[in-house]
Structure formats: C-alpha cells, structure tokens
Amino acid sequence: MAVPRRTFLKGGLSAAAGLWANLSFQSCSRGRSRDASGTEADAVPKRWAMAVDLEACTAAQGCRECIAACHQIHNVPDFGNDKDEIKWIWTAPTNKVFPENERLFPDEMAAASPVPVLCNHCDKPPCVKFCPTGATWKRDDGIVMVDFHRCIGCRYCMAGCPYGSRSFNWKDPRPRIARVNVEFPTRTKGVVEKCNFCEERIGQNLSPACVIACPENALAWGDLNNPASAVSRAISARTAIERQPELGTGPHVFYLI
Amino acid sequence: MVYDARKILPGLVLFVLVLAWPAIYTAALGTGRDRPVLEMVTAEKQCLESTDFMRRQHMTLLKNDWRETVVRKGARDYAAADGKVYPMSLTKTCLGCHPNKANFCDRCHNYVAVKPACWNCHIVPEEVR
Chain A
887 MAVPRRTFLK GGLSAAAGLW ANLSFQSCSR GRSRDASGTE ADAVPKRWAM
937 AVDLEACTAA QGCRECIAAC HQIHNVPDFG NDKDEIKWIW TAPTNKVFPE
987 NERLFPDEMA AASPVPVLCN HCDKPPCVKF CPTGATWKRD DGIVMVDFHR
1037 CIGCRYCMAG CPYGSRSFNW KDPRPRIARV NVEFPTRTKG VVEKCNFCEE
1087 RIGQNLSPAC VIACPENALA WGDLNNPASA VSRAISARTA IERQPELGTG
1137 PHVFYLI
Chain B
100 MVYDARKILP GLVLFVLVLA WPAIYTAALG TGRDRPVLEM VTAEKQCLES
150 TDFMRRQHMT LLKNDWRETV VRKGARDYAA ADGKVYPMSL TKTCLGCHPN
200 KANFCDRCHN YVAVKPACWN CHIVPEEVR
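Protein sequence lines, in the order shown, are assigned to chains A and B. Throughout the first sequence, residue numbering follows my numbering, covering 887 to 1143 in sequence. Throughout the second sequence, residue numbering follows my numbering, covering 100 to 228 in sequence.
Read the hints as simulated data drawn from the structure, not as lab findings. Keep in mind the model is a prediction, meaning the values are calculated, not measured. Treat the hints with care, as some may be off.
Claimed, not checked - Distance condition first, Cα-Cα at most 27 Å in a straight line; then the derived DSS-like pairs of lysine-lysine:
1. A:LYS1075 - B:LYS183
2. A:LYS1075 - B:LYS200
3. B:LYS106 - A:LYS1057
4. A:LYS1024 - B:LYS162
5. A:LYS1015 - B:LYS162
As the list claims (entries may be wrong) - Derived CB-CB ranges, DEER-like:
6. A:GLY1136 - B:HIS208: 44 to 54 Å
7. A:ALA929 - B:GLY195: 28 to 38 Å
8. A:PHE894 - B:THR159: 39 to 49 Å
9. B:GLY182 - A:ASP968: 45 to 55 Å
10. A:LYS1057 - B:VAL101: 58 to 68 Å
11. A:ASP1009 - B:LYS214: 38 to 48 Å
12. A:ALA929 - B:GLY182: 26 to 36 Å
13. A:GLY1089 - B:VAL227: 15 to 25 Å
14. B:TYR210 - A:ASN1112: 52 to 62 Å
15. A:SER1122 - B:CYS196: 47 to 57 Å
16. B:GLY195 - A:ALA954: 52 to 62 Å
No residue lacks a Cβ here, since even glycine has one placed at the ideal position from N, Cα and C.
Using the sequences provided together with the hints, build the complete structure.
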C-alpha cells in the first residue's frame, strides 16, 4: 500500500500537534499542588533559614555545643584527621568565612575568631546543578537534600560547593562513631554527606539540634516567609550578611553583625 | 541426520549433564528442599500487609514506595491496606517486630544469595547496643 508523501507528512504533523497539546494541557492542569512536607496547596510555601548572631557566638569562646549536638544525633564519625574528616557544622576563622568583608576583622584577633559554618541551603545550589544522578536536590521548603541511596560518590557536588559544606566518606564511618544514635541511619563508604537542616526533626515540628543546643541562643531559625518567625525577626532587627553573596547562590544561613 | 552424530550427540548429552550438575547434585542429596525457617519473636499475629504480600513484595515496598516517599517527598506515614498507619522506617517499624535480623532477614537472603546493601547505613539496634 503506497501512502503519498503529502498524506504521510500531514498525518504525522497533526499527530505530533495533538500529542503536544495534550501534554501541555496536562502539565498546566497539574498546577501547583504540592505533596512535599505536608504543606497545603494554597498556603505560602515555607522557606527554612537560619541566622547566626556573631556577637553572641564569638562571646562564648571555644564553645562547641552546636557541633557536638549535631554530630551526635546524625551519627557523624570522628576520624581524627583532616583528610577523612566528616563535618555537618564546624567553625572557621572569620577572614576565611567572609573573605570579601574586611571591615568585619579590623584586627588580628577578630580575623582569627571562629565562626560556625554549615550548609547554606542556597536558593540556587551549585551542588544540585552538578550532581549527575539527581541524588542531591532542593526541596520546595528550601532544604538541599542528599539521597544517599542515589549518591555514586563522584564528588562533583563537593567541587561545585563554594562553601566546602560537603564531606566524602573515604572509609566506612560506622567504626568511628563513638555512640550510635539508632534513630538516624549512618552513612556508608563512598557517599557524600552534609547538613540536612535537621529535616527529620522539622518533620516532627522540632527545631534543628544545633539551635536547641546553643547555650547563647545565638542561632535563630524558622520560616523566612513568615514575618513572625525567629529568623525573620532576627534579620529585620540587625544587619545580616551572607557568605560570598557575589557568587549568586543565595545562601540561607545569615550572619548578624 | 546430523553429520558426525556419533560425536555430537554424546557431546550434547555431556554438555547438558555438566550444565545441570548443580540441580542434579542438590536433587540427589535432597538439600534443595531445606527451605529457610524464619524465627518469629513478635507477639503480633499480622505484619502490616498480608504474609504473602510481604514475602513477595517487601523489597518493592521498601525501595520503590517507602524510600521514595520518605526521602524524596518527606512524608513518613504508611497507610496499610487495613487502614492502620505505620511510620515508614526500616529500623523502627520492620526491626521493631523483627529485631533478630540474623535469624529472620538473613536466613532467606543467604538462601537465595542476595546481599541487600540496606544495612550499610540502616542500623540494626541489636548490633550496635
């Protein structure tokens, strides 16, 4: 049976047009229904964020309560050397954290004073862009997550993160966890991990562990889209800076100066 | 007929015998019928779904449903077919009734020679305490 070329092309084009119209209608009608984290379809989506009060934090010299609490509940191992180190929240000298902000450290003392740093849960996370497997992604509420099931350990995300927020498991972490918390899984050799903004605690309406643990109440946390939340109030009351804003990543861990 | 049938036919028979040797061996010894016996330590009479479903589908449930829902969608409650709600957690829900991983999970997994990587990260409370 011979089909004339004209008829064949006509049929093919109209079929393609019909398919396209159908698909675009479906994607429109799906709309903005959200199934993540149990939020309602019409409510303003949450945007979790944190603000670190630098004055209150640096006043408590050498305090490591937030780090200890986080690393304990998340089964973060301690390898005792820089090469294998796994860190979710840690401290770095002020001049390394804010390299572009020289007025923050007028003298050597201020420049060397430690600042708590963690994953910034960026608005435009470069790590997510670089991940070839979709193992790391940004949730609707702003938390940048890692799915350890899908991580293949290529470490592209670590190369992409300008804040050094990610650590790689070179060795099996389990033998190096002093006291295992059975409520939270450990990680395995060959995956990348980082702060998850206590996603598992937020699901139970709890604040992140570091926020609770801080004896100086230096960490304000909450929903940035809610003007009454602690983090919104802290940011509007003081001058808040971000880490390396010129990179355009939109960090959501703010520092109050 | 086949060319060189006197060489090829015995060769074929030998080939099939070698190929089927593991099956013949276990059939002769009768060891193939030793199905793994699972140790139950819970007072519960019913798993969250029917026993038949759990036997066949537990990995589909855990990997395709629970893992995706908890990790990617952030929802943690599982509504079973009978309406009961369970937290989607391998350590808490599954091992809550079956804490004896060595005499429950491992017996079947060893029998069928599979090594699920679940336990590299997910904790067996009996092992860490």
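Hints and how they fare:
1. A:LYS1075 - B:LYS183: violated (36 Å)
2. A:LYS1075 - B:LYS200: Holds, at about 22 Å.
3. B:LYS106 - A:LYS1057: Violated: B:LYS106 and A:LYS1057 sit about 56 Å apart, past 27 Å.
4. A:LYS1024 - B:LYS162: holds (21 Å)
5. A:LYS1015 - B:LYS162: holds (25 Å)
6. A:GLY1136 - B:HIS208: 44 to 54 Å: For A:GLY1136 and B:HIS208 the Cβ distance comes to about 45 Å; the hint holds.
7. A:ALA929 - B:GLY195: 28 to 38 Å: With Cβ atoms ~34 Å apart, the hint holds.
8. A:PHE894 - B:THR159: 39 to 49 Å: This hint holds: roughly 43 Å between Cβ atoms.
9. B:GLY182 - A:ASP968: 45 to 55 Å: holds (53 Å)
10. A:LYS1057 - B:VAL101: 58 to 68 Å: Cβ of A:LYS1057 to Cβ of B:VAL101: about 60 Å, so the range 58 to 68 Å holds.
11. A:ASP1009 - B:LYS214: 38 to 48 Å: holds (41 Å)
12. A:ALA929 - B:GLY182: 26 to 36 Å: holds (28 Å)
13. A:GLY1089 - B:VAL227: 15 to 25 Å: holds (23 Å)
14. B:TYR210 - A:ASN1112: 52 to 62 Å: holds (54 Å)
15. A:SER1122 - B:CYS196: 47 to 57 Å: Holds, since A:SER1122 and B:CYS196 (Cβ atoms, about 50 Å apart) stay within the stated range.
16. B:GLY195 - A:ALA954: 52 to 62 Å: violated (29 Å)
Violated hints, listed in ascending order, are 1, 3 and 16; each of the other numbered hints is respected by the structure.
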